[in-house]
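Undergrad: Given next are the chains, with one letter for each unit.
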Amino acid sequence: MQTAADWERTGVKGEVTYATFGCNVFQESNFPTPDRVKPDVNVERHMDVSLNLPTPDGKTIRVWTFSDPLAATPALRLPTYPSPLMRFRQGQIVHSTLDPKKNAHTLHHHGIEPTTTNDGVGHVSFEVNARYTYQFRPHRAGTFFYHCHRNTPLHFEMGMFGPLIVDPPEGPGTLFSGGPKYDVEKIWCVDDMDPRWHTMEHSSGMCGEDVGLNRFDPKYFLLSGVFNNKTTTDTRAVIQAKVGQTILIRLINASYSVLETTMALPGVCHSMDGCALGLEPWNAPLPQAANRPFVISTAQRRDIIIKPTAKGVFPVRMRFLNWITGQVQDGGRGIIDTRIVVT
Amino acid sequence: MNRRKFLMVSTVAASLATIPGMASAQAANGVFDLTIEAVDSEMIDGQFVFSLMFFNKSAEGRPILEVTEGDIVTINISNLDTRPHGFGIPGIPTASIASIPAGGQATVRFTAPVGGSYMYIDPTLAPLNRIMGLYGAFIVKPKLGTTLAGSATPFSRASHTPAIAAVFNAMGTHKRFPGNKWIPTDPERDKLWLFSQVDPLLAARVDAGEVIPPASVVPSFVPRYFTINGLSGYDAAPHKVDETTDWTKGAARIMPHGRQGQPTLIRNMNAGLCTHSPHIHGNHVFKLSDSNASGAVVCAAASYELDAWPLPPLSRQDLLLPFERPGDTIIWPPVDEPFPMRYVMHCHTEMSQTAAGGNYPQGLVTHWEMTGAL
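Chains as they are written, first to last, in numbering that gives the first Met the number 0: chain R, 0 to 342; chain Y, 0 to 373.
Just so you know, nobody snuck in bad clues.
If you want the footprint, here are the derived chain Y segments under chain R, 3+ residues with CB under 8 angstroms:
hint, stretch
1, 212–222
2, 266–276
In silico negatives: residues of chain Y with every beta carbon more than 12 angstroms from chain R:
hint, residue
3, Ala27
4, Glu68
5, Gln104
6, Thr145
7, Ala151
8, Asn179
Hints are computed from structural coordinates only; laboratory data are not their basis.
Glycine included, each C-beta is placed from N, C-alpha and C at the ideal position.
Between the sequences and the hints, there should be enough to build the whole structure, so can you do that?
TA: Shown next as structure tokens:
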């Protein structure tokens, strides 16, 4: 264990050059967490697994994921895509430890506002060669996510991300203190994959090679780990609720497309990017009319409350739009259809 | 044989070389003298790419034109390129020159509209001439921008919404935002993030004299460089600041810098063809305004606090970075960890984080610095 922080070896106090930005970025092993205090909750992520997912066209695609070595059962410690959920309470002191196992990685808890050293961006702090404990105390309840911030175009695309939910002190069932309560919760983590990217080495391009990471042509489209040929039936995608129940959808755009979503049920967005709406005079909850598309770009989150008043099967369509042409990706095939089933 | 200007990132350069990174242009009696010129512009990886740019008398390309609402503005443009060009400012229909022949000159005179952030472009052969580099920021300061409670804003009072007034009134008074109000006269509190992209193959075709059908530009566009105010990656933030730093230009115009409690305006615009998704660390920003379909500035009816926001082509959005205590820190001010706190802003549609197909993170990225607690 390193006992004293040497800030000169990091982006905090070290000399920042063109090289330290990318090719030769600051890296540390066992860096002592500054201002370390006793945690209320510990999570840990390892990066030692790759998975081959069977694709709808009979091939496989390799993904990289974080695993959770502290999970309660061996089954839960197995690798998953997306990476396993982190879930905390507002106000808890969190220790989130990364052990990359091989190569260097970081954890960026996206939307969380910690100190620089706990933010997980190598060129302004350091990448982690061996164990670092990120420390923060979430002050907002809402929907976030976490991902690796090394060679981010590739590592994020490869699946090194997972949802991060902060519940209010009263726990799951309430979106935020003073906000709406819910009975049925669904995380819709939306992704697209370009198979060309999934054959690369982890540092591809970082020292100046042209590996084509400026071009992204997705062929696969996934909702919470489900390929779009199964999203109208798979329970990870389909929402099941009863009349009278309140549904919370936590929508995360983890794709590299502009995501246009249309729902056959009206809803109300009660928080964006982890920030509650309607608590202050400068904004209010945003009604989302049925059958009217709305757009979120990469990394945006919306928490949407739906209160179905009648039985039925209500379709939801997500269209993945190319960031330059605005056209539906993959020649018009970049669409996810799923449904909200109300009984 | 090459009489073009060279725009080089390094200041150690030949006499013809100038520095990319926009600077404020001072108007004499409301008159701006601009040229349109062909340049070879250095990218972050040392490659030079043919570009077209507006210049004024300063060394930097794409001057930032700053005026006050109600000013009579005169813009004289000399087209030093070998192709015809034009001039326009979306949202200001009177600020338009349909065509300036190669080697020709033209003048446009108009009254500066309500306060806000605008973009001047060459709208001819759209979007070709714009994506070749003919764009810049046109900033209108409001004649009367304060809220009824006396808080300064970058918008004319007649444009204010209750939400905008509430945000600016909250700075320095709300318990979340101890410190200052937004100070419009402090150049450190007024930042420009003008995004674009560069496709070297397209540039080479234009340079070679090829006639490019404008409708073919978007479907064939393959950007390889992603810029903020003409700069990328390492160059898009100053890595040493002191009392001599000129915050009105270059990388210092990009990087927000200040203590906790010094809210800072960010004028975010997209001259390019990609829909970006800028993402900020450390604080969320308040979305203040948008540009509508006709280019007018529209203050937000609801100001959302966002850490990522879509920025489509030609969109102009003003944001307020509150410089509040990063809300998930535990010990504040930190004892072990030294200031400045440094937080990145990057486009999360991550193809934009590359240069020439790799080189992460030498793309559309900068950072902001909090130099101390209250």
